[in-house]
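Residue numbers (the numbering used here), protein chains in the order written: chain A, 1 to 244; chain B, 245 to 530; chain C, 531 to 877.
Rather than coming from a laboratory, the hints here were simulated on the basis of the structure.
Take the hints with a grain of salt, since some may be wrong.
Stated by the list, open to error - Taking lysine-lysine and the DSSO-like style, the derived pairs with C-alpha atoms no more than 27 Å apart in a straight line are: (1) 204/A with 185/A; (2) 277/B with 650/C; (3) 277/B with 852/C; (4) 204/A with 33/A; (5) 92/A with 185/A; (6) 33/A with 217/A; (7) 217/A with 204/A; (8) 277/B with 33/A; (9) 185/A with 33/A; (10) 92/A with 650/C; (11) 92/A with 204/A; (12) 223/A with 7/A.
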Amino acid sequence: MTGASPKGILETRDLRKVFGGVHAVDGVDFVLKEGELRCLIGPNGAGKSTFFKLVTGQIQPSDGQIFFDGHEVSAHASHEIARLGVGIKNQKPDVFDGLSARENLWLAAQFAHDKAGARRQVEEVIERLQLGGFVHRLVGELAHGQRQWVEIGMVMAREPRLILLDEPSAGMGQEERVRTAELLKELNRTTTIVVVEHDMQFIKRIADIVTVFHRGKVLREAKVDVVLSDPEVRDVYLGRTEVA
Amino acid sequence: MDTLLVYAYQVAFSFSIFILISLGLAVIFGMMKVINLAQGEFIMLGAYACVVCSAVGLPLWLAVPLAGVIVGAIGILVERTVIRFLYGRVLDTLLATWGLSLFLVGIVTTIAGPQSQSVPADLGGVSLGGLQVPAYSLVMIGGACAMLLGTYALWRFTSLGLIVRGTMQNPEMARALGTNTSMIYMFTFGFGSALTGLAGALLVPLFGAAPTMGLFYIAKAFIAVISGGPWPLLGTLSASSLYGTIDGVISYAFSSVLGEIAVLLVAIVMLRLLPQGITGRLRKGL
Amino acid sequence: MQRLFSDFRRPSGQRPGAIWWSFIAVATVVVFALPQVLDLAQLLDLSVVFVLALLALSMSFLWGYVGILSFGQTAFFGLGGYVYAVAAMNWGDTTLPFLLGILVPLAFAALLGVFMVYGKISDIYFSVMTLVITLILNKAMRATSGDQYVIGDVRLNGQNGIPGVPPLQVPWNPTVTLFIDHVYYLSAALIVLVYVGLRLLLTTSFGRVLVGIRENERRIELLGYDARRYKFAAFALSGGVAGLSGTMFAIWGNFVAPEMFGLGQAAEVIIWVIVGGKSTLIGPIVGTGIIQYLTSWLGTQGVGQVTLVLGVVLVVFVLLFKEGLVPTLGSLIARLFGGRRKQGEAE
Numbered sequence: 001m002t003g004a005s006p007k008g009i010l011e012t013r014d015l016r017k018v019f020g021g022v023h024a025v026d027g028v029d030f031v032l033k034e035g036e037l038r039c040l041i042g043p044n045g046a047g048k049s050t051f052f053k054l055v056t057g058q059i060q061p062s063d064g065q066i067f068f069d070g071h072e073v074s075a076h077a078s079h080e081i082a083r084l085g086v087g088i089k090n091q092k093p094d095v096f097d098g099l100s101a102r103e104n105l106w107l108a109a110q111f112a113h114d115k116a117g118a119r120r121q122v123e124e125v126i127e128r129l130q131l132g133g134f135v136h137r138l139v140g141e142l143a144h145g146q147r148q149w150v151e152i153g154m155v156m157a158r159e160p161r162l163i164l165l166d167e168p169s170a171g172m173g174q175e176e177r178v179r180t181a182e183l184l185k186e187l188n189r190t191t192t193i194v195v196v197e198h199d200m201q202f203i204k205r206i207a208d209i210v211t212v213f214h215r216g217k218v219l220r221e222a223k224v225d226v227v228l229s230d231p232e233v234r235d236v237y238l239g240r241t242e243v244a
Numbered sequence: 245m246d247t248l249l250v251y252a253y254q255v256a257f258s259f260s261i262f263i264l265i266s267l268g269l270a271v272i273f274g275m276m277k278v279i280n281l282a283q284g285e286f287i288m289l290g291a292y293a294c295v296v297c298s299a300v301g302l303p304l305w306l307a308v309p310l311a312g313v314i315v316g317a318i319g320i321l322v323e324r325t326v327i328r329f330l331y332g333r334v335l336d337t338l339l340a341t342w343g344l345s346l347f348l349v350g351i352v353t354t355i356a357g358p359q360s361q362s363v364p365a366d367l368g369g370v371s372l373g374g375l376q377v378p379a380y381s382l383v384m385i386g387g388a389c390a391m392l393l394g395t396y397a398l399w400r401f402t403s404l405g406l407i408v409r410g411t412m413q414n415p416e417m418a419r420a421l422g423t424n425t426s427m428i429y430m431f432t433f434g435f436g437s438a439l440t441g442l443a444g445a446l447l448v449p450l451f452g453a454a455p456t457m458g459l460f461y462i463a464k465a466f467i468a469v470i471s472g473g474p475w476p477l478l479g480t481l482s483a484s485s486l487y488g489t490i491d492g493v494i495s496y497a498f499s500s501v502l503g504e505i506a507v508l509l510v511a512i513v514m515l516r517l518l519p520q521g522i523t524g525r526l527r528k529g530l
Numbered sequence: 531m532q533r534l535f536s537d538f539r540r541p542s543g544q545r546p547g548a549i550w551w552s553f554i555a556v557a558t559v560v561v562f563a564l565p566q567v568l569d570l571a572q573l574l575d576l577s578v579v580f581v582l583a584l585l586a587l588s589m590s591f592l593w594g595y596v597g598i599l600s601f602g603q604t605a606f607f608g609l610g611g612y613v614y615a616v617a618a619m620n621w622g623d624t625t626l627p628f629l630l631g632i633l634v635p636l637a638f639a640a641l642l643g644v645f646m647v648y649g650k651i652s653d654i655y656f657s658v659m660t661l662v663i664t665l666i667l668n669k670a671m672r673a674t675s676g677d678q679y680v681i682g683d684v685r686l687n688g689q690n691g692i693p694g695v696p697p698l699q700v701p702w703n704p705t706v707t708l709f710i711d712h713v714y715y716l717s718a719a720l721i722v723l724v725y726v727g728l729r730l731l732l733t734t735s736f737g738r739v740l741v742g743i744r745e746n747e748r749r750i751e752l753l754g755y756d757a758r759r760y761k762f763a764a765f766a767l768s769g770g771v772a773g774l775s776g777t778m779f780a781i782w783g784n785f786v787a788p789e790m791f792g793l794g795q796a797a798e799v800i801i802w803v804i805v806g807g808k809s810t811l812i813g814p815i816v817g818t819g820i821i822q823y824l825t826s827w828l829g830t831q832g833v834g835q836v837t838l839v840l841g842v843v844l845v846v847f848v849l850l851f852k853e854g855l856v857p858t859l860g861s862l863i864a865r866l867f868g869g870r871r872k873q874g875e876a877e
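Bound-form chain A, shown alone (with noise of 0.2 Å):
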């Protein structure tokens, strides 16, 4: 039943989400090659945020397969996904919010690290994201912007080898999209990313290929200046949201 041997370093066969007669995720066959900087689009509701909770283990597919680096993980929990090398930032800022951003990122680095080097881990994060001006103050008390970063700087500290990344530029500045932009490339250099985004810019700035959801099934799938003239691709996305 599995057939060929699972390519790339995540693959899905038909998975399939369903919430209450309401097909989420609806047959996806994604293949990503490791050091990929791969970008889903799709209109809310097109099931990418879905897909990215059957992925890292948050809610367990309906049907279908999911392998990442040649496992199957489809009926793992999440933090067993997450020790194989996922991190995801979701949707939300998912973070600690009773804790300080350094006790926050400390929690994520120490999972793969002793002691001392957590400790070096963390600081490396806050100098690269330059967390240094609110790292004591509790990350709840923290701007929507800096939460993000917060979270994002997480997920580095736990140095997964599968970043994704759920609209990770929502709520920032103009400026701070293109800083995020740079970062992703160069976590790109070690780390195979997926991204969902909204803002036409910032995609263009980062992807190679782009992957189009819609209603739960890949619509496309091809280089960034493909999709986009794409008239389908317009007509189910652009035609609803506005694009800068």
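Position chains B and C relative to chain A; hints supplied.
Just chains B and C, lined up with the frame of chain A:
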């Protein structure tokens, strides 16, 4: 045959007690998500209301429904003064109703004293397969079934029931459609309290009324509603059948303590196997 | 300045500062000097506050730090007391029974943990189920009044409880038993040790993950931690602490009874923790003291139903003072002295 009849009676008896003590909780906890730890004390209040009504000369068949009305009114008072500030804070409802439970036990003990009181049903006994049982127990079993069916009919077939179910599932939407959700919450809590008070009154002729009687029922009531799962009425019905059977058979064959312990053990295993409850696999609804 | 008080509000995994250590030192000295000025009756009252504060700590550790509200603490408390009583009365020796009074509840908590933590029961059902288990144990223990309920040479006696529980012997010299003032010293030492131990536990990797679970369990999972393992361990540990409290309670009163498992006991623990403040460890200790003294004062004032007052206290705190006394005072003082700066500025 006789033994079978005796067991059938025991099971029906245990089942009806489960239904009586947990039906109000199915409404308040199952539908409203208010963990009412004063459930046992509402039963106790119903029992005392029945005792008081009888003491002033009312016949039992009048005292029982009146007890339901009185406890319903107390429930509405409680909802307005405490519970309505706590919707959505599930744990806080548990703590506040626990305080309420202590308060009610304290105040009833102060007024009525700690001793047990009762109201005789005067219906005599019936012989069932060689076992002499009080005729009133058959009335109680019938009453439990009637309450269950009545509640189901109210929720399922009346427009008020529809509004209540809609409000419990999506209060924002119900508000947007013009429902006064605060009133619906108040009514639903009062209705659940009234059911519980009615149950307490129905229990009086067999079990009496005492300030601490709630303690005997609270665990069973929660087990039944939790094991039932997301469909409060159907869940409570199926859980009561299951636990009523276990409790009835084991209590009769061995002892009532063993019956209760068996119920607890089964409940824990059930939760392990079906964390969503018996009706957890069904789509949400009544 | 505000760091001074952060420990009395919502400490996270930070290492406690010098001020906290000096507070501990002063408190320890005061507690151990008190026998010089108090008579035996007063020491007896204070001992039970310390003993019960252990129970409150076991609950607030789970609730305030891991975010699990367990009413099973009372079950572990009662179990600890009964295990000590039965074992000590059977064997004559008390050292092993003392240890069993901790280990058996710990094992029982672990067993429940396997079912409930690994059974993926939601937090709120966890609370209710632990309560139900406590009630059933209470009922079972009440039903043991017959002659047939005997463990070894000890009759369980149903609701009447077991009187004449032997006092603790000095392990290396069993002919010497602890007297009232010794029990006071022991319970004082235990409360200080357990408090400091639990506080320091939170600075370890284990403790920080526990705090992380309280803050955001999903994120902990997404970082690769198996949250269930940590919750399970914390639950078992808290069961052990509650068992220790029950064992000490049996030693303190020379008596165990089914009330130790009762709803009334469970309610009191909740009230101590809520009144003191669940988000700290010191709060529940303070809460235990206040409520214990309030209860006995109400008793002497001729208030018939103390539970009536306690019930009102619980409702009022849930509705109006959710944080509890110590954190509320802590923020108040911190605001007075600390200006607009916020907590969390360690290191």
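Check your understanding: Is the straight-line distance between the alpha-carbon of residue 277/B and that of residue 852/C 27 Å or less?
Key -> Judged against 27 Å, a Cα distance of about 20 Å means the pair holds.
- 27 Å limit on alpha-carbon distance, applied to hinted pair residue 277/B and residue 33/A: 47 Å, violated
* Does the alpha-carbon distance linking residue 92/A and residue 650/C stay inside the 27 Å limit? -> The given pair, whose Cα atoms are some 24 Å apart, holds under the 27 Å limit.
- Item | Hinted pair residue 204/A and residue 185/A, Cα distance within 27 Å | Cα-Cα ~12 Å, so holds.
Residue 204/A and residue 33/A: Cα distance at most 27 Å?
20 Å, holds
Check: When you check the alpha-carbon spacing of residue 92/A and residue 204/A, does it fall within 27 Å?
Finding: Roughly 23 Å separates the two Cα atoms, so the pair holds.
query = Given the hinted pair residue 223/A and residue 7/A, is their alpha-carbon gap at most 27 Å?
reply = Holds, because 20 Å separates the two Cα atoms, which is no more than 27 Å.
Item checked: Satisfaction of hint between residue 650/C and residue 277/B, Cα-Cα up to 27 Å -> Answer holds: residue 277/B to residue 650/C is near 19 Å, not above 27 Å.
Do the alpha carbons of residue 33/A and residue 217/A lie within 27 Å of each other, as the hint requires? 20 Å, holds
CA of residue 217/A to CA of residue 204/A, is that 27 Å or under?
Roughly 23 Å between the alpha carbons, so the hint for residue 217/A and residue 204/A holds.
**OP:** Could you grab the alpha-carbon distance between residue 185/A and residue 33/A and see if it respects the 27 Å cut-off?
**Re:** Holds. Residue 185/A to residue 33/A sits at ~16 Å (cutoff 27 Å).
Margin query: Just to be careful, I want the Cα atoms of residue 92/A and residue 185/A compared with a cutoff of 27 Å; is the pair within it?
Written below: It holds: about 22 Å lies between the C-alpha atoms, which stays within 27 Å.
Figure legend: structure checked against the earlier numbered hints; the only hint not met is number 8.
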